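J.: In case you want the letters, here they are:
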Amino acid sequence: MEIGSGYAVQMRGITKKFGSFCALDHIDVDIKKGTIHAMLGENGAGKSTLMNVLYGLYQSDEGEIYLEGQKVNMKNPNVAIAHGIGMVHQHFMLVDNFTVTQNIILGNEITSGAGVINMKKAREEIIKTIEKYGLSVDPDAKIEDISVGMQQRVEILKALYRGANLLILDEPTAVLTPQEIEDLIKIMNNLIKDGKTIIIITHKLKEIKESADVCTIIRRGKYIDTVDVKKVKEEELATMMVGHAVNLVVDKTEATPKDVVFEIDNLTVLDERKIPAVKNLSLKIRKGEIVGIAGIDGNGQKELVEAITNLTKVAGGTIKINGVEVQNTSPKNTIDNKIATIHEDRQRRGLVLNYTVAHNMVIEKFKEEPFSKKGFLNEKEIVEHSKQMIKEYDIRPDNCELQPVRGLSGGNQQKVIIAREVANDPDLLIAVQPTRGLDVGAIEYVHKTLIRERDKGKAVLLISFELDEVMNVSDTIAVIYDGKIVKSFKQGTVDENTIGLLMAGGKDDAKNS
Amino acid sequence: MQKIANILKKQITSTIIAIIFGFIVAAIILAATGYSPADAFTAMFEGIFSRPKYISNVIIKSTPIILTGLSVAFAFKTGLFNMGAEGQYIMSSVFATIVGIKLDLPPVLQIPMVILAGVFAGAVYGAVVGYLKARFGIHEVITSIMLNWVALYFSNFIVSLKTFHQPNSTATFTVNESSFTTILHKWKVSPEGIAWLKEHPTIMDVLLKTDVNIGIIVAIIMVIVISILLNRTTKGYELKAVGFNKDAAEFAGINVKKNILHSMIIAGAIAGLAGALSVTGVQPHRISTMAAFENYGFNGLSVALIAANSPIGCLFAGLLFAGLLYGGQSIQSTIGAPSEVINIMIGTIVFFVALTRIVPVLADKLAKRGEKHAH
Chain Y
1 MEIGSGYAVQ
11 MRGITKKFGS
21 FCALDHIDVD
31 IKKGTIHAML
41 GENGAGKSTL
51 MNVLYGLYQS
61 DEGEIYLEGQ
71 KVNMKNPNVA
81 IAHGIGMVHQ
91 HFMLVDNFTV
101 TQNIILGNEI
111 TSGAGVINMK
121 KAREEIIKTI
131 EKYGLSVDPD
141 AKIEDISVGM
151 QQRVEILKAL
161 YRGANLLILD
171 EPTAVLTPQE
181 IEDLIKIMNN
191 LIKDGKTIII
201 ITHKLKEIKE
211 SADVCTIIRR
221 GKYIDTVDVK
231 KVKEEELATM
241 MVGHAVNLVV
251 DKTEATPKDV
261 VFEIDNLTVL
271 DERKIPAVKN
281 LSLKIRKGEI
291 VGIAGIDGNG
301 QKELVEAITN
311 LTKVAGGTIK
321 INGVEVQNTS
331 PKNTIDNKIA
341 TIHEDRQRRG
351 LVLNYTVAHN
361 MVIEKFKEEP
371 FSKKGFLNEK
381 EIVEHSKQMI
391 KEYDIRPDNC
401 ELQPVRGLSG
411 GNQQKVIIAR
421 EVANDPDLLI
431 AVQPTRGLDV
441 GAIEYVHKTL
451 IRERDKGKAV
461 LLISFELDEV
471 MNVSDTIAVI
481 YDGKIVKSFK
491 QGTVDENTIG
501 LLMAGGKDDA
511 KNS
Chain A
514 MQKIANILKK
524 QITSTIIAII
534 FGFIVAAIIL
544 AATGYSPADA
554 FTAMFEGIFS
564 RPKYISNVII
574 KSTPIILTGL
584 SVAFAFKTGL
594 FNMGAEGQYI
604 MSSVFATIVG
614 IKLDLPPVLQ
624 IPMVILAGVF
634 AGAVYGAVVG
644 YLKARFGIHE
654 VITSIMLNWV
664 ALYFSNFIVS
674 LKTFHQPNST
684 ATFTVNESSF
694 TTILHKWKVS
704 PEGIAWLKEH
714 PTIMDVLLKT
724 DVNIGIIVAI
734 IMVIVISILL
744 NRTTKGYELK
754 AVGFNKDAAE
764 FAGINVKKNI
774 LHSMIIAGAI
784 AGLAGALSVT
794 GVQPHRISTM
804 AAFENYGFNG
814 LSVALIAANS
824 PIGCLFAGLL
834 FAGLLYGGQS
844 IQSTIGAPSE
854 VINIMIGTIV
864 FFVALTRIVP
874 VLADKLAKRG
884 EKHAH
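Those protein sequence lines, which keep their order, are chains Y and A. Position 224 of the first sequence, counted from 1, bears residue number 224 in the working numbering, the numbering being contiguous throughout. Throughout, the working numbering is defined as the position within the second sequence, counted from one, plus 513.
Because the hints were derived from the structure by calculation, they are not lab data. Just so it is clear, the structure is predicted and the values come from calculations on it, not from any experiment. Don't take every hint at face value.
Claimed, not checked - Calculated lysine-lysine pairs in the DSS-like style (CA-CA distance at most 25 Å, straight line):
hint	chain 1	residue 1	chain 2	residue 2
1	Y	K193	Y	K132
2	Y	K204	Y	K252
3	Y	K33	Y	K252
4	Y	K313	A	K771
5	Y	K374	A	K748
6	Y	K332	A	K748
7	Y	K17	A	K748
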């Protein structure tokens, strides 16, 4: 394509290397003005790196960037900002105890003489922008008091306030509820109408279909294709992204639940501020059944998991596995009673990143034979065991047993945890946000593993903020709101909207149950 | 280029570069103040290597700091900053002295009793820090620093007690001779011993003029024991797991609080061993009133830092440190330059060791540049 002023951005031959690793390999991209352009790729494909090059955070080793036909040397983010590029990172960069207005003007304050900030003028300008694009943000609220979705809108405002015409949104929906995602799409459309250009970095196919006009696919640092979103199916996008056909629908047979193996009765758990976060919650899981808990983050899921795994004490009620009460004991006791947990925060709770893959594989069993004898580790057995696990669970690279687990990709780190937990042969397998941050291929793998364990007769508890995941994988869907299970459904007897409404605290009008 | 980059990434390379920088900075300061760096360094090396006696003294001086360094390094490997090696060392020397004065058994029993008393005192003192951290979450740096002062004044208090205080001195009585770990300490001053030694002047130089003692052997054994503990045992696995990521360790069923306590007990015991061995092995075999810290524990921090917290590294870093301190005195006596230049040098080395974390980063850049040229 010709270099021309009809394009907000044109990148030519962008190459970026980290050491001997080629993160971007001669990438050409053209982004038309006034469009929503999606950058699609798996984790580590290079899409974020490419955008960081555009924003001046990284310097490319080769290649040129043209903005509206003019060649620009993006040597740092200030150049990008001066050219009207704004970026909203996945992790927000806001000062928690400042107000929205204070955050927006930070670093760009309007002053009236002698360095005094003209708050009033700044506030007025911000309100104007809020109204223009329907951002619905309270300019005087403190960041710590507003929802994640609103914080994201503050980030967008911040970029607009600095005169951005091109907005880069990095994984914008990762932290949003279904309703908030809809709002975001509306806002993006308002911005496009005003002539702005938006680039979204994502690996969620559904949102690309819902929001983007054009989509560029990047795989392992290479440009694959740019397609018109309306003309392709989700499956085709997925195939281009992964490089081979993937099954987006979770493949599973009807559950054949047997006896109740795990039972929570009237459970109350206090959060860190000593306020009940889980309130008289009851739940039963049978052998050979996946129970999925759907809910928005912060409705007691964290405390529920911490109570089951004995990271926190319960204030009332019982947790029973195989008829044995395990509440208020120790994490060790939980493990000994055959409860295995894939924790949502794999790097903090799941792994010792500085330990080798082999050592991480035995972190719950290193005191048992054959991994140790009389207090001395048996490295040979530990390594042998992990080699077997690496093979069985297809962990890559396939000779990683003596590498620190830190060096593995997110998906493979998760596989290490899954291998370890499943190998414990648990009666109850708890999976909390098991696919967070994973790419399509790895997600498919995780779901298959959960279903396979179910078919082996295990009880599975799935807790996820991804409604699709809960709906597709679970046999029973339980909706949690404000620390209580508000309603349970059998899979297939309920639609997404009903659940979405219950998750947000709405009343179910019984038409679905 | 890649090869050079790989060599630069090794920890030992960074440390050697830091030591070279230490010498360069010391040389610049010497030259700027009108002394010949070459003469000064010659004097220093002669002060370390020219006589067996000097080498012996360096080894004797290195023993306590190898152990306190090991204590700090061990704690660090398990995620704790043991700033309290100084206090643990002092408490140990106090209790070793008390037992050494009050007890008088045959050496086979006496020596273990005295050393165990010291080790036990150090371990208990470490345990206090560990307990406060595990139970109440009070940061170990704060408690251990404050407890250092408690130890200092406690030691002075013991020295002042009538039962221990030697009249007309600022010190306690010496411990009973049965507690001495000096090698052949009786024989070497007996008539036969002196007669034999006169025929062997090199051995006489070492044996009679320095306090050759078993300390260094104990230190080497401890270095090996701690290496094995950290790398080969389930306890070491647990301790390090807690150090690297206590959240994951807790989740995996490891008792985090217990391990924090154990770690500080072991660290305290090692520093305690240093204190006890100083009392039994080196003159004057007693404790004196202190106006300030003697820095055996704090020097251990530097040793651990130079050693990059490797137990084996502590052995060599301790020897280097002791060599610089001891040989550095010769700079003053031989060419008249202030021996403080040695402190500057040590400070510079520690500074650059801390700074050489950037060497691997530079190495990466170098490797990248190599690739570019290869295009």
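J.: All the hints need checking, so say for each whether the structure fits it.
T.: Hints and how they fare:
1. Proximity of K193 (chain Y) to K132 (chain Y) is assessed by CA-CA distance (about 11 Å); at most 25 Å being required, the pair is judged to hold.
2. For the suggested pair K204 (chain Y) and K252 (chain Y), the alpha carbons sit about 22 Å apart, so the restraint of at most 25 Å is met.
3. At most 25 Å may separate the alpha-carbon atoms for a hinted pair to count; K33 (chain Y) and K252 (chain Y) exceed this at roughly 44 Å.
4. With a C-alpha separation of about 19 Å, the suggested pair K313 (chain Y) and K771 (chain A) falls inside the 25 Å cut-off, and the hint holds.
5. Straight-line distance between C-alpha atoms of K374 (chain Y) and K748 (chain A) comes to about 11 Å, which keeps the hinted pair within the 25 Å bound.
6. With a C-alpha separation of about 16 Å, the suggested pairing of K332 (chain Y) with K748 (chain A) holds against the 25 Å cut-off.
7. For the proposed pair K17 (chain Y) and K748 (chain A), the alpha carbon gap of about 42 Å is over 25 Å, so the pair is violated.
Checked against the numbered hints given earlier, the structure breaks hints 3 and 7 and satisfies all the rest.
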